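Generate coordinates for the entire structure from the input sequences, incorporating the hints supplied.
Protein chains in written order, with this note's numbering: chain A, 1 to 80; chain B, 1 to 80; chain C, 1 to 721; chain D, 1 to 214.
It is worth saying that the hints were derived from the structure and are not from the lab.
Please read all numbers here as calculations on a predicted model, not as lab measurements.
Some hints could be false.
Stated by the list, open to error - Some chain B residues flagged as far from chain A (calculated, every beta-carbon gap over 10 Å):
hint : residue
1    : Arg-10
2    : Gln-55
3    : Val-78
To be verified - Which chain A residues face chain B? A few, computed with CB under 8 Å, are given here:
hint : residue
4    : Thr-19
5    : Val-21
6    : Ala-24
7    : His-30
8    : Val-33
9    : Ser-35
10   : Arg-37
11   : Asp-39
12   : Ile-42
13   : Val-46
14   : Gly-48
15   : Arg-63
16   : Val-65
17   : Val-70
18   : Val-78
19   : Val-79
Said to hold, decoys possible - Mimicking DSBU-like on lysine-lysine, the simulated pairs with C-alpha atoms at most 35 Å apart in a straight line are:
hint : chain 1 : residue 1 : chain 2 : residue 2
20   : C       : Lys-137   : C       : Lys-49
21   : C       : Lys-500   : C       : Lys-49
22   : C       : Lys-137   : C       : Lys-500
23   : A       : Lys-2     : B       : Lys-2
24   : C       : Lys-137   : C       : Lys-332
25   : B       : Lys-2     : C       : Lys-137
26   : A       : Lys-2     : C       : Lys-332
Yeah, the Cβ is synthetic: ideal placement off N, Cα and C, and Gly gets one too.
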Amino acid sequence: MKVVVEVTRRPEIADPQGTTVQRALHDLGHDEVRSVRIDRVIHLEVDGEDPGEVQTRVEEMCRQVLANPVLEDFSVEVVR
Amino acid sequence: MKVVVEVTRRPEIADPQGTTVQRALHDLGHDEVRSVRIDRVIHLEVDGEDPGEVQTRVEEMCRQVLANPVLEDFSVEVVR
Amino acid sequence: MTTATQPLHRRLGMTDEEYQSVLGLLEREPRPAELAMYSVMWSEHCSYKSSRAHLRRFPTEAPWVVVGPGENAGVVDLGDGWLAALRIESHNHPSFVEPYQGAATGVGGILRDVFTMGARPVALWDQIRFGPLDDPKNRYLFNGVVSGIAGYGNAVGVPTVGGEIEFDPCYSGNPLVNVMCLGILRREQLVLGTAGAPGTVAILLGRATGRDGIGGASVLASASFDDESQEKRPSVQVGDPFEEKKLIEACLELYQRGLVVGVQDLGAAGLSCATSEPAGRAGVGMDVDLDAVHVREGGMTAPELLMSESQERMMAFVSPDLVEEVLAVASKWEIESAVVGLVRAGETLIVRHRGEVVAEVPAASLADDAPLYRRPMRRPAWIDDLWASPSDGISQPPGDALLRLLDDPAIGSTAWVHEQYDHMLFLNTVLGPGGDGSLLRVRGTDKGLAVSTDGNGRLCMLDPRAGGARLVFEAALNVAVTGARPMAVVDNLNFGNPEKPEVMWQFLETVEGISEACETLGIPVVGGNVSFYNETDGIDIHPTPVVGMLGLAEPMPLPPPRLSRAAEGMEIWEIGMPPTPNLAGSAAQRVLQGALTGRPTQPDAEMAKWAVEVAAGLAHTAPVLHDISDGGLAVAVAEICIASRVGATIEGLDTDLLFSEDPHRFVAVFEPGTVDLPEGPARRVGVIGGQTLTLGGSEPIALDLLAETHRDAIPRRMAGA
Amino acid sequence: MRVAVVVFPGTNCEHDVVHALSALGGEAELVWHRETDLTGFDGVVLPGGFAHGDYLRTGAIARFSPVMAGVERMAGEGRPVLGICNGFQILCESGLLPGALIANRDLAFICRFVELEVVDTDTILTGAAELGQRIRIPLNSYEGNWVDPGRSGRIALRYVDDPNGSQGSAAAVASEKGNVVGVMPHPERGVDELLGSGDGRVLLEGFLHSMVPA
Ligand SMILES: Nc1ncnc2c1ncn2[C@@H]1O[C@H](COP(=O)(O)OP(=O)(O)O)[C@@H](O)[C@H]1O
Ligand SMILES: [Mg+2]
Numbered sequence: 001m002k003v004v005v006e007v008t009r010r011p012e013i014a015d016p017q018g019t020t021v022q023r024a025l026h027d028l029g030h031d032e033v034r035s036v037r038i039d040r041v042i043h044l045e046v047d048g049e050d051p052g053e054v055q056t057r058v059e060e061m062c063r064q065v066l067a068n069p070v071l072e073d074f075s076v077e078v079v080r
Numbered sequence: 001m002k003v004v005v006e007v008t009r010r011p012e013i014a015d016p017q018g019t020t021v022q023r024a025l026h027d028l029g030h031d032e033v034r035s036v037r038i039d040r041v042i043h044l045e046v047d048g049e050d051p052g053e054v055q056t057r058v059e060e061m062c063r064q065v066l067a068n069p070v071l072e073d074f075s076v077e078v079v080r
Numbered sequence: 001m002t003t004a005t006q007p008l009h010r011r012l013g014m015t016d017e018e019y020q021s022v023l024g025l026l027e028r029e030p031r032p033a034e035l036a037m038y039s040v041m042w043s044e045h046c047s048y049k050s051s052r053a054h055l056r057r058f059p060t061e062a063p064w065v066v067v068g069p070g071e072n073a074g075v076v077d078l079g080d081g082w083l084a085a086l087r088i089e090s091h092n093h094p095s096f097v098e099p100y101q102g103a104a105t106g107v108g109g110i111l112r113d114v115f116t117m118g119a120r121p122v123a124l125w126d127q128i129r130f131g132p133l134d135d136p137k138n139r140y141l142f143n144g145v146v147s148g149i150a151g152y153g154n155a156v157g158v159p160t161v162g163g164e165i166e167f168d169p170c171y172s173g174n175p176l177v178n179v180m181c182l183g184i185l186r187r188e189q190l191v192l193g194t195a196g197a198p199g200t201v202a203i204l205l206g207r208a209t210g211r212d213g214i215g216g217a218s219v220l221a222s223a224s225f226d227d228e229s230q231e232k233r234p235s236v237q238v239g240d241p242f243e244e245k246k247l248i249e250a251c252l253e254l255y256q257r258g259l260v261v262g263v264q265d266l267g268a269a270g271l272s273c274a275t276s277e278p279a280g281r282a283g284v285g286m287d288v289d290l291d292a293v294h295v296r297e298g299g300m301t302a303p304e305l306l307m308s309e310s311q312e313r314m315m316a317f318v319s320p321d322l323v324e325e326v327l328a329v330a331s332k333w334e335i336e337s338a339v340v341g342l343v344r345a346g347e348t349l350i351v352r353h354r355g356e357v358v359a360e361v362p363a364a365s366l367a368d369d370a371p372l373y374r375r376p377m378r379r380p381a382w383i384d385d386l387w388a389s390p391s392d393g394i395s396q397p398p399g400d401a402l403l404r405l406l407d408d409p410a411i412g413s414t415a416w417v418h419e420q421y422d423h424m425l426f427l428n429t430v431l432g433p434g435g436d437g438s439l440l441r442v443r444g445t446d447k448g449l450a451v452s453t454d455g456n457g458r459l460c461m462l463d464p465r466a467g468g469a470r471l472v473f474e475a476a477l478n479v480a481v482t483g484a485r486p487m488a489v490v491d492n493l494n495f496g497n498p499e500k501p502e503v504m505w506q507f508l509e510t511v512e513g514i515s516e517a518c519e520t521l522g523i524p525v526v527g528g529n530v531s532f533y534n535e536t537d538g539i540d541i542h543p544t545p546v547v548g549m550l551g552l553a554e555p556m557p558l559p560p561p562r563l564s565r566a567a568e569g570m571e572i573w574e575i576g577m578p579p580t581p582n583l584a585g586s587a588a589q590r591v592l593q594g595a596l597t598g599r600p601t602q603p604d605a606e607m608a609k610w611a612v613e614v615a616a617g618l619a620h621t622a623p624v625l626h627d628i629s630d631g632g633l634a635v636a637v638a639e640i641c642i643a644s645r646v647g648a649t650i651e652g653l654d655t656d657l658l659f660s661e662d663p664h665r666f667v668a669v670f671e672p673g674t675v676d677l678p679e680g681p682a683r684r685v686g687v688i689g690g691q692t693l694t695l696g697g698s699e700p701i702a703l704d705l706l707a708e709t710h711r712d713a714i715p716r717r718m719a720g721a
Numbered sequence: 001m002r003v004a005v006v007v008f009p010g011t012n013c014e015h016d017v018v019h020a021l022s023a024l025g026g027e028a029e030l031v032w033h034r035e036t037d038l039t040g041f042d043g044v045v046l047p048g049g050f051a052h053g054d055y056l057r058t059g060a061i062a063r064f065s066p067v068m069a070g071v072e073r074m075a076g077e078g079r080p081v082l083g084i085c086n087g088f089q090i091l092c093e094s095g096l097l098p099g100a101l102i103a104n105r106d107l108a109f110i111c112r113f114v115e116l117e118v119v120d121t122d123t124i125l126t127g128a129a130e131l132g133q134r135i136r137i138p139l140n141s142y143e144g145n146w147v148d149p150g151r152s153g154r155i156a157l158r159y160v161d162d163p164n165g166s167q168g169s170a171a172a173v174a175s176e177k178g179n180v181v182g183v184m185p186h187p188e189r190g191v192d193e194l195l196g197s198g199d200g201r202v203l204l205e206g207f208l209h210s211m212v213p214a
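If you want it as structure tokens, here you go:
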């Protein structure tokens, strides 16, 4: 099954990437850009029958390794 | 307006990061993971009235800085 | 060049004549896979078909040469069982297509050339050239290339300890990205790119093979840029420094345990090269099974498998009884491996795919029978016009001129670049970026290895022969001021389109100049690289040879001279050939006058030898030695003041002499009476002291202003200012 | 005093650390990350480099290496555990140190000498130094920017002027008991004046002295 994981940086954590990209956009004259946040999307191909079960297993991978709880939240979506 | 840009590595371009993460997931016993691809999603807050126009401007930003046309494709979605 | 209607050989970048010789060679129609192999192996990049004949001019012999040009890297004897392996490579076109990955894979490639020889790569030097930084496109390329070198070099764990930067409009559409690598090994670890005797097993190590870089380096580097270069884009390769790091450690273990007969890296021309070249060198044939190759994506065709330039791969040739051990080493280091071939008697290379024979060719023919062109050459008429209009003198006060020069991104501080590079790993960097030559200690010995890389496209544009020679002499002096004596040269010849007679003339003149200078110094050329077709829309770059000089300091001076060791009360001496006011090709002419005319001062063999010998000797007593090059004496002294945080006064020299870049000169700074100068041309030109720099008649310049101007030259431009 | 210097795939400062510790009289041995048992060692160093290519997040994959079980045991026993640069990142990922390391403020790799101030001497890294002592050693990282939302970290060394945006200008952070320390700059690159500084010695000597035989 296809699974999409989005790992988003917690709002209270600094985001040098986002800040830098926003600055770059302003330099290019795109002053209309108010904020930029850059997150990670992980596309997984996972063997399995039951979406619910796949969901649980991928959430476990997120807690284990795919996301760092100090910095990030995650959301898992089984696309199938 | 909120705009979501997904930047994905072209399929023919190698993704060492994805490969390494997949190996790691196997080491952790998640043998069910068949493939891993790691991409970026960029959340923008953009001033503007007309969604169509915002769309066009963000697509321009993608070509300029947000994506690397040589390696990546992008999709832009104006959320509202 | 790639429209589907064309015959396959043309689509593969092969001329009709070349196709004919393949027909003659095989006495039949080549199969697609065979044509694929010949097309990449016979590309300019792999076969040196336009340059091979002329490169024979280089002196390559010396008692300390262990391996000369021809192998993956040159190897010289450092004594006491230590050898050094060195090589320089270019990745110009890939870096224009994708600056980060282009530069990164350039680093990966040069590292493999060096550890293929059995050496551990210990240091890298980058020589990078771009168009002016006021153009955002050039800033993008510069930033991308520097991040790519940093991203790969730092992560693979080899320090980048020096290099060179130049900016000129001629590089705007065609940046130059060269990288040099130095490796060290014990004599018994030396390995060559040979397939060994019949029965030897070929094992492919490292990254899985994918479609990336099909015809990449070889095709990209073998044609010019034009509207079609967009089409070349899909063949961008992505580097994986992590994979390369594991590959280095695995290979070094193989060498230390003597488990391999030979090794060949997979770069341009991938499997085609890694099978045919070692077999050709050993005068044997080989059976290759493409189905055994570990792949990243399914459904790859035989030509794709043979041409793929997937990075971080090595071919090891192993005697049958050691295969298991080699596979075990691979899995210990967590890299993939596959037995893909078996060396056979005779000289035929037989490639099978899905049960069928897809290629059956004389192994050696892919390298040895490559076309050899003696392209027409013509001395350009405009050379005489340039020589006929000598350079003007400098009109502004020397102080103003100096500040203009220090603010130039090619002369100002390189910190913006080299602070993005790990230049300290391995704890050997005694002299790193920011001075003249780099100096690395060889732990457990009293030896120091000095390296300097030097190029100067503008000088070579005005006079390629004198320019080529002066680069060798400058590089030699750069290593001499660290206490080393020149030992061997690698060269990277970046030129325009060789199908133009004027470009071929520039090329031959340069080769002649470099050869004469090496003969003067009694040092061999042990390796190098040629990059042609550096042109965009018909405009060629300046002829831009880059010389990489290795020197040996034994014993290494402790401490060695440093720009930062000048102190109040020391005297400033200019040692070497008295300069003339000729500014042809100088930084002053470029920055202050925006001109490029005149004939540069010719090198002088006797003075060159003398200056190198004297500098290498003085390095053991003088606290500061600094060669005089870009910006002349004025900039050399300013760099010393900035590094030592102390002022200076230079007396009684007229402005043109302060900025002249005439060769064979260096600055020495020392306490009066603490250094005895040998017989020969040497002039006391000033004293160290105070917090300002005073040049002849002009207003004193505050040290802080000097330092800030020098520091900000690159950063203020990269900030888009 | 036997020190284990852990080698992950992608580690590159292991030989430098062994060299520096040996030069100071320590007995340092390389230990491959597949080892699980560190008994017999009095302390452990996770050296700098790019373990597992720093893919996903720096340190994220390395923390699952078998050897980390042994490292955690040592930390639990109160033995000295030192993470340098990438090692610091791994210790944060594995939860042995608070916070995490993100990209430098200016999104550029930084390799240069930086000046540090000792602000806590009650750790296995700073035990031989004086409070307020200035120390000049090289920084060499892209992800050197320490963030600690919980504000539970004990800062042992501070940058005199912050190069990368690190919270509280932290250059070295210690566990509550002070026996686990992560330091972003490289003390092992500061043990030889010929290479620019000898200031790192006092830190590594402190580390060696902090060991009691196992
Ligand atoms: N691209 C670069 N990367 C790292 N160091 C560099 C680079 N370019 C220049 N440097 C360093 O800056 C110093 C001055 O460079 P350069 O002006 O070419 O020296 P020289 O004038 O003696 O030939 C040298 O130490 C060189 O190693
Ligand atoms: Mg110099």
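| field | Given hint A/Val-46 near chain B, where the shortest CB pair must fall under 8 Å | value | 5 Å, holds
Between the alpha carbons of A/Lys-2 and C/Lys-332, is the straight-line distance 35 Å or under?
32 Å, holds
task = Quickly compare the C-alpha distance for C/Lys-500 and C/Lys-49 to 35 Å and report which way the hint goes.
result = 15 Å, holds
Status of the A/Val-33 interface restraint (C-beta, 8 Å, chain B)
6 Å, holds
Fill in: Hint consistency between C/Lys-137 and C/Lys-49 [alpha-carbon to alpha-carbon, up to 35 Å]
33 Å, holds
| said: Can you confirm whether the C-alpha distance between C/Lys-137 and C/Lys-500 stays at or below 35 Å? | reply: Given pair C/Lys-137, C/Lys-500 holds - Cα atoms ~28 Å apart, limit 35 Å.
* Non-interface claim for B/Gln-55: all C-beta distances to chain A beyond 10 Å? -> 13 Å, holds
- Starting from A/Lys-2, check that the Cα of B/Lys-2 is at most 35 Å away, please. 26 Å, holds
- Given pair status - C/Lys-332, C/Lys-137, alpha carbons within 35 Å: 44 Å, violated
message: Hint validation: A/Arg-63 versus chain B, beta carbon distance must be below 8 Å. Holds or violated?
response: With Cβ-Cβ at 12 Å, over 8 Å, it is violated.
Quick check on A/Val-78 please, does its C-beta sit within 8 Å of some C-beta on chain B? It is violated, given that the least Cβ distance between A/Val-78 and chain B is near 13 Å, above 8 Å.
Exercise. Compute the least Cβ-Cβ separation between B/Val-78 and chain A, then decide whether it is above 10 Å.
Key: 13 Å, holds
Checked against the numbered hints given earlier, this structure breaks hints 4, 15, 17, 18, 19 and 24; the rest are met.
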